[in-house]
Every structure is written in structure tokens, then in C-alpha cells.
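Student: Listed below, chain by chain, are the residues.
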Amino acid sequence: MIPMSWYLLFAAALFSIGLYGVMARRNTVAILMSVELLLNAVNINLVTFWRYLTPDRSVGMAWAVFVLAVAAAEAAVGLALIISVYRNRDSVVAEELDVLRN
Amino acid sequence: MDIMELLRSLIELNLGEYLLSVGTATWIVDLIGVMTLATVCMILVIFLIWLERKVIARMQDRIGPNRVGGKYGLLQPVSDATKLLSKELITPAGADRIPYNLAPILIVVASLLTWAVIPVAPGVVGVDLNIGVFYILAISSVSVVTFLLAGWGSNNKYALLGAFRAVAQMVSYEVPMIVALLVPILLARSMSTVDIVEAQGIPFIIVVPLSALIFFISALAETGRTPFDLLEADSEIVAGFHIEYSGMKFAMFFLAEFLGTLFMSAFFVVIYLGGYRFFGLENLTIGHLHIGPLLGFIVFSTKVFLVYFVFIWIRATLPRVRVDQLLDFNWKFLVPLSLVLLLTVAVMDKLFLADANAVTKAAVLMVTNIVVGWVTIEILRWRDRDGETAVVPDVVDDAHEAVAAH
Amino acid sequence: MFEQVFFIFVAVVTLGFALIVVTNKNLFHAALALMGTFLGVAIIYVTLGAGFLAMAQLLVYIGAISILIIFAIMMTRHMMSAEEAAFNSQAGLSLFTAVAFFVLVAYVFISYWPTTPADAMLATMTPVDPAILENSVVALGQSFVSPNAYVLPFEVASVMLLAALVGSIFIAKPRLKEDEA
Numbered sequence: 001m002i003p004m005s006w007y008l009l010f011a012a013a014l015f016s017i018g019l020y021g022v023m024a025r026r027n028t029v030a031i032l033m034s035v036e037l038l039l040n041a042v043n044i045n046l047v048t049f050w051r052y053l054t055p056d057r058s059v060g061m062a063w064a065v066f067v068l069a070v071a072a073a074e075a076a077v078g079l080a081l082i083i084s085v086y087r088n089r090d091s092v093v094a095e096e097l098d099v100l101r102n
Numbered sequence: 001m002d003i004m005e006l007l008r009s010l011i012e013l014n015l016g017e018y019l020l021s022v023g024t025a026t027w028i029v030d031l032i033g034v035m036t037l038a039t040v041c042m043i044l045v046i047f048l049i050w051l052e053r054k055v056i057a058r059m060q061d062r063i064g065p066n067r068v069g070g071k072y073g074l075l076q077p078v079s080d081a082t083k084l085l086s087k088e089l090i091t092p093a094g095a096d097r098i099p100y101n102l103a104p105i106l107i108v109v110a111s112l113l114t115w116a117v118i119p120v121a122p123g124v125v126g127v128d129l130n131i132g133v134f135y136i137l138a139i140s141s142v143s144v145v146t147f148l149l150a151g152w153g154s155n156n157k158y159a160l161l162g163a164f165r166a167v168a169q170m171v172s173y174e175v176p177m178i179v180a181l182l183v184p185i186l187l188a189r190s191m192s193t194v195d196i197v198e199a200q201g202i203p204f205i206i207v208v209p210l211s212a213l214i215f216f217i218s219a220l221a222e223t224g225r226t227p228f229d230l231l232e233a234d235s236e237i238v239a240g241f242h243i244e245y246s247g248m249k250f251a252m253f254f255l256a257e258f259l260g261t262l263f264m265s266a267f268f269v270v271i272y273l274g275g276y277r278f279f280g281l282e283n284l285t286i287g288h289l290h291i292g293p294l295l296g297f298i299v300f301s302t303k304v305f306l307v308y309f310v311f312i313w314i315r316a317t318l319p320r321v322r323v324d325q326l327l328d329f330n331w332k333f334l335v336p337l338s339l340v341l342l343l344t345v346a347v348m349d350k351l352f353l354a355d356a357n358a359v360t361k362a363a364v365l366m367v368t369n370i371v372v373g374w375v376t377i378e379i380l381r382w383r384d385r386d387g388e389t390a391v392v393p394d395v396v397d398d399a400h401e402a403v404a405a406h
Numbered sequence: 001m002f003e004q005v006f007f008i009f010v011a012v013v014t015l016g017f018a019l020i021v022v023t024n025k026n027l028f029h030a031a032l033a034l035m036g037t038f039l040g041v042a043i044i045y046v047t048l049g050a051g052f053l054a055m056a057q058l059l060v061y062i063g064a065i066s067i068l069i070i071f072a073i074m075m076t077r078h079m080m081s082a083e084e085a086a087f088n089s090q091a092g093l094s095l096f097t098a099v100a101f102f103v104l105v106a107y108v109f110i111s112y113w114p115t116t117p118a119d120a121m122l123a124t125m126t127p128v129d130p131a132i133l134e135n136s137v138v139a140l141g142q143s144f145v146s147p148n149a150y151v152l153p154f155e156v157a158s159v160m161l162l163a164a165l166v167g168s169i170f171i172a173k174p175r176l177k178e179d180e181a
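Chains as they are written, first to last, in the numbering used here: chain A, 1 to 102; chain B, 1 to 406; chain C, 1 to 181.
So here's chain A without its partners, still in its complex pose:
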């Protein structure tokens, strides 16, 4: 029997690893990969609460499927933007993309 807190702790750990990745990485593609980690952690949370509290209703699962779909769309658009930026600026390092600064 696995307590619910174990799943939530696992999701929190995944979320903090993703958080560190988003804030600390230089390469934009790596930042996007860390965002995917964040979204996965959220999904695990949703499914855990669905399974333990309301397994007979489909709210949790439906929400998790929507998060999955939105994550897919966001990854596609984000990567298209990165490719376009690379074509114009020849760099994908987040610190070097500072044209709008000051």
C-alpha cells in the first residue's frame, strides 16, 4: 500500500528539478525541456488526486489529458520559435537574446 504522500513528494521533487532547470540553464532548448518536466510533475499530481479521492469521476483524468494536449502544443510552438530565432540571431543562448533590453 503506497501512501498518497509518496506520490505527491515525487511530483514535488520532479517539479523542483524542473524549476532549477528553467532558472539555471543557458540554452533555450534546455529551458524548454525543463518546462516539460514541470508539466509532467503537475500531471502526476492531478492523477494522484484523481486516483485517491475521486476515482469514480472523470474530472482528474480529463484535466490531465488536457494538460498533456496543451503541453504538446506549447512544445511545438516553442521549438518553432527557437528555430526561427536561431535563423535570425544565430544563437539560442538565452542570455544573448537581449535586443529588447534597455
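Hints may be right or wrong, so weigh each one.
List time: in silico DSBU-like cross-link candidates among lysine-lysine, alpha-carbon distance up to 35 Å [as the list claims (entries may be wrong)]:
1. B/K157 - B/K87
2. B/K54 - B/K87
3. C/K173 - B/K157
4. B/K350 - B/K361
5. B/K54 - B/K83
6. B/K87 - B/K71
7. C/K25 - B/K157
8. C/K25 - C/K173
9. B/K332 - C/K173
Residues on chain A that point at chain C, a partial pick, calculated with CB under 7 Å [stated by the list, open to error]:
10. L37
11. V47
12. P55
Label pairs and their in silico Cβ distance ranges [as the list claims (entries may be wrong)]:
13. B/V364 - C/G141: 18 to 28 Å
14. C/V46 - B/L284: 36 to 46 Å
15. C/E155 - B/W374: 38 to 48 Å
16. C/Q4 - B/I105: 21 to 31 Å
By construction, these hints were calculated from the structure, which means they are not laboratory data. Quick caveat, the model's predicted, so the values are computed rather than measured. Glycine included, each C-beta is placed from N, C-alpha and C at the ideal position.
Chain A is fixed; fit chains B and C onto it per the hints.
Tutor: Here is chains B and C on its own, set in the frame of chain A:
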């Protein structure tokens, strides 16, 4: 350990239940089942290599292997395997170790995993998942990643290019395959493979022939067979993403391709040809002996080999398509057609056939399929009326003009 | 007992892959580790009884998004990219923030976890009637098309996916030379 009971359970394909009743642990029975399935599949591949060479040879009016192992060359695949085993495993310099070595392992694992949900006889299935078809699609999707691993790990521009083309082809042809598979799922009201077999009083290839055709074409492209085999054609890209593999690692890719083709034949049989069903033969009971499962297994094997023969037949007959023709054919023809088909079948099934018996339903749906197919062909013919197809380049016309000018 | 050991093993392996994703300089290795993370998360979904979502995770994340990320890595690398530093100047502060966040959340979970009998069901996985879990896929499907449930978000999600599809193709298209002139 009653020998008669053991023999009886073997004939009735019920060994697992007999072992459980004798007292073996569940996990041992599961392990025996898994190992039987994996071993049988891999040994069957050896026979399939021989079959393919012989059949293609006969279709090309020659004899094929006839030296090794008697008049029919039956031991030819064994000598092929021995040759591959004895070759030196050369790792290219600068190759990324982990992806390079992981790719052949993963591709065989993915090809074997999908066999878990194929019902080979009534009551004999690895695991009856209620999302069986979805499981198969997910595992096929995962196996696409192995091409990238192989291409990147080889540290070779041509391997990388071949890997990109392979991935583009696989990912593109998954879309019409999934949409075409939704039609039998819709008709059977379930994603479980066992439920789909049980729902085929009339095999679905007769009820929705257009969906079977679209699935068959997509399966051809998914397994990388001709006419969609530019991934590995020697004249195109010198063996594509598995250039840098030698010996047993190359044999793994080879094995995975044959396993994949056999699996697609089995999947086609389960979804469209009625699996192990044959006018009630699978329920036959002679006296005390419940011989139905064995007959069902024989029926299933026959059907699978028939479909596999069609795969080989197409390979021996049709020429290869170009990569842009490949992608055009998929996105501009197969995807819209499969979507329209799904829409039409769903509307007909829900609105007009809600309370019809099986034969009426089958007849109406078959007519609907034929109408959709005929309308598509008419549309294509109408667009082509001045000779302006979207696929043939203008090179042919320019060449004609150049010749006519002289 | 076996379930607990299995869960701990899968969780540790997944977190290990996630650490490789955020720390590895070689982007391709990071992408491979990302695929490993997705696989681990799919296994966790299976232990939670959400088989459909696990297969969807495999299909969407590993079969599509990972491949997209690898393509983007290929298309945006310089010829000699191995010498770039992996972390930017705020790496230390973000490490502190992430660890502090995790410690805070873990403290809340462990010390303020309800222990009254009424909430005892939160401590262990309530053995749910297997029929309910079997039926969850059907219930999910019905909730997506029922007017009292989530048909509107479902349709909006499909329009959003179409917009993302068209938009990303348009953004990533290479500009023809005549347009730039």
C-alpha cells in the same frame, strides 16, 4: 503431475490453467508464457527469411537459395545467421557509446512488446488490456525513437540523414494508421483486441474495406517495406541509419524489421480478418476434448501467413516511391481520406444503423465505403483531366518539349 | 511491500534521469534522459491505475515531443558546441530556490498530513472496485462528448492544437530569398 491431464491441457492450449491448478506460482506461469511467445516469434523469423527469398525469387522467375540444406535451401537462413554472428563488431571512431549500443536492443524490445495483446486462439492472449489497440500504437510510436538513437550514435552524416528520413516517414504514416484504426474500434465499441475479434461476426474487411486498405498502406510504410523502403535501399542512401552497424547488431535491425512485418500481418488479421474465427470452428468440441483453441490457432496462423504473403508479393512487384512523393501521398491523400472515412462511418453507424441487425449494417457500411472510395477516385480524375497532377514533376514535360524542339 | 520497493526504485531512477536533463552539457544526452523521465512517469501512471493516460504519455511525449526536441537540437547547434557552459550566472541562487521550495513542500506533506480516522483513506491507496478503474476509459470518453461535462474544453483544445500546428509550421518556415530582398 498427471501426464494425461498435461497432454490434454497442451492440446486445448490451456497449459497455464493446468499449471496454476497444480500449484505453480502465478509469476512462473507468466514467465513461461512470455518466454514461449518471444522464442516462438524469433524462431519464426528464421523461417520467414527463407520464405521471403524463395517467394521473391519465384516471382522473379528464378529459383532462389537451393544449395544450403538440401534442394530447397532450407538451412540458408541458418548460414546467414552464422555469418552475421561471426563478423567483427566494428564501432566507428567518435561514436556515442550509449545510443549506439542501445538502439539495436531497444528496437527488438519494442518489436516484441507489441505481441502481448494479440489473441492467437480463443482464450490465449498475453494480456487482455481494455486499451489493447492503443497500447500497440504507443509502443510503435516509441520504436520510432530508436532510429534517431542509431543515426545519432553512428557519428556519420549519412546515417543521421537516413535516420531523419526514417523518422519523418514513420511519424507521418502513424496519422492515417491511427485514424483508420478508429473505424473498427468504433464498430466494435472497444479498444480491446479480444473484443474486436469477438465483434467480427462478419470480418471487418468486408464491412469497411476502405479502412482496411488505408491501414494496410500505412502498415507497409510503418514497417519500412517496399514501396516505402527508401530508408534502407542500397541505391538511395546506402543502408540508411544502420550503415555503421556490423555483425550481430545489424542482425538485430534485420530481425526487428521481420518481426515488425509479421506483427503487422497478425494485427491486420486480428482487426480486419476476424482473428482466429472461422464460421464457429474455434468452438468445436469433440467428445471430451475441447479442440477449438487448437483449430483457432491453426486458422490464425494460416491467415497471418496469407497476409504476410501479400506483403512479400507487394515487395516483389511495386517500385519504390521518392521521398517527396511519399510525404505528399500521406498528407495530401491518406490523411484527408481517412478523416472523411471516419466521419462517414461514424455518422452512418450512429444515425441510420442504430437498430439494424449485423448483415444490414455490414451491407450499408460496405456500400458507404465503396461510395467514398469511388468519389475520391472521381475527384482525383477530375483534377487530373488536363494532365496536371500534383505529384509528377514538370521534368517530364520539359523533356518532351526539348525532344520535340529538335 | 513489493509495490513500495518498486515505486521507490522507479521514482529514484526517474529523478536521476531528470537530474541528467537539467545538468548535462551535451544536449542530446539531456534529450535522451528526458525520454527516460517520460518513461518513468508513464510507469508511475500505470501504478496509479491510469493505463490510458500512460499510453497517451508514451505516444505524445516520447513518440512526438522528444523527437521534436531532438530535431530542434540538431537544427540549432553550432559546429562546435561542446564548450558552452551549461549554467548561467544565477545558477547558485536558483539551486537554493529549488531546494528551498522542495523542503517547504515536503515539510508540509510530512508534518501536516491528516491522521484522523476520517482521513485515513489518504494514507493508503483505497482498494477501489476494479470495475470502476476498468470503466474509467469509457467514463473519460463520455465526459469529453457530453454537453454536461467537458465537450466545450475538448473542442477548444482541438482548435488550439490546430492553431499550434499551423502557427508552428508558419513560424519555422525558412524565408525564401525573394522575401528578404
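Student: Now tell me if each hint is right for this structure.
Tutor: Each hint tested on the structure:
{"no.": "1", "hint": "B/K157 - B/K87", "result": "holds (24 Å)"}
{"no.": "2", "hint": "B/K54 - B/K87", "result": "holds (25 Å)"}
{"no.": "3", "hint": "C/K173 - B/K157", "result": "holds (23 Å)"}
{"no.": "4", "hint": "B/K350 - B/K361", "result": "holds (11 Å)"}
{"no.": "5", "hint": "B/K54 - B/K83", "result": "holds (19 Å)"}
{"no.": "6", "hint": "B/K87 - B/K71", "result": "holds (27 Å)"}
{"no.": "7", "hint": "C/K25 - B/K157", "result": "holds (22 Å)"}
{"no.": "8", "hint": "C/K25 - C/K173", "result": "holds (28 Å)"}
{"no.": "9", "hint": "B/K332 - C/K173", "result": "holds (19 Å)"}
{"no.": "10", "hint": "L37", "result": "holds (6 Å)"}
{"no.": "11", "hint": "V47", "result": "holds (5 Å)"}
{"no.": "12", "hint": "P55", "result": "holds (5 Å)"}
{"no.": "13", "hint": "B/V364 - C/G141: 18 to 28 Å", "result": "holds (25 Å)"}
{"no.": "14", "hint": "C/V46 - B/L284: 36 to 46 Å", "result": "holds (38 Å)"}
{"no.": "15", "hint": "C/E155 - B/W374: 38 to 48 Å", "result": "violated (32 Å)"}
{"no.": "16", "hint": "C/Q4 - B/I105: 21 to 31 Å", "result": "holds (29 Å)"}
The structure fails to meet hint 15 from the earlier list, while all remaining hints are met.
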